[in-house]
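Chemist: Can you build the whole structure from these sequences, using the hints too?
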Amino acid sequence: GVQTCALPISLLLVFSSAQLQLAIDVPANTSSADLSCVVATLGANVDVTTLLVQAVDGNYISKSAATTVNNGLALGITGTSLFGPPCATCSQNATAQAQMLATLVASTSLSVDTMFVQVIGPTWSNDTTVNSLFLREYVDTLASTGIGAGILTSPEAWASLTASNTSFAALPLWYASEDKAPNFDDF
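Each step along the sequence shown adds one to the number in my numbering, with nothing skipped, and position 59 is 59.
Warning: the hint list may mix true and false statements.
Simulated restraints, written as ranges between beta carbons of each label pair [what the hints assert, rightly or not]: (1) Ala40 x Asn70: 14 to 20 angstroms; (2) Pro155 x Asn70: 31 to 37 angstroms; (3) Thr166 x Ala74: 17 to 23 angstroms; (4) Asp140 x Ser160: 31 to 37 angstroms; (5) Ser164 x Thr78: 17 to 23 angstroms; (6) Ser31 x Thr129: 38 to 44 angstroms; (7) Ser144 x Ala40: 36 to 42 angstroms; (8) Gly121 x Ser91: 40 to 46 angstroms.
Don't read these hints as lab results, they were simulated from the structure.
Quick reminder that beta carbons are idealized off the backbone N, C-alpha and C, glycines included.
Modeler: Structural data, given as structure tokens:
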């Protein structure tokens, strides 16, 4: 019969360095059993290259992300990316938030390919210039700690939060799209 997993399957295509990667999007506290179920459900013909783990929620860094990453590594998923929204409207500045994330990564000995900065939602200012400056500082601080940055956004969110800022175009894009077309044509 068909196997049913407690964890909903969310597959994503991530565009990075002129290539598409198939990734599984999972919460930070995903168990080994849940990951095993998802991989088994996908079957041998689906090669998942990256595990995308939510590691940041507002101004909170999840310590359970390391366990989830290690569970993925045990299943042969070798790419690891984290994601989450920093908080442009919180008391800590972008540098402090990015350094806090880098400290968590270092303390857990995680090998992180990319931190996808979630540019969607209520943790951003109404001022697009403030958001763009905050994002630049956050991305630059991540880079200074050895963590690559990417952007997780939708065309609508990017336009409203950054005024369609193009200075981040070289970063990998995790494209949140509702048009269900498997391409980036409307971004």
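Chemist: Enumerate the violated hints, using their earlier numbering and listing them in ascending order.
Modeler: 3, 4, 5, 8
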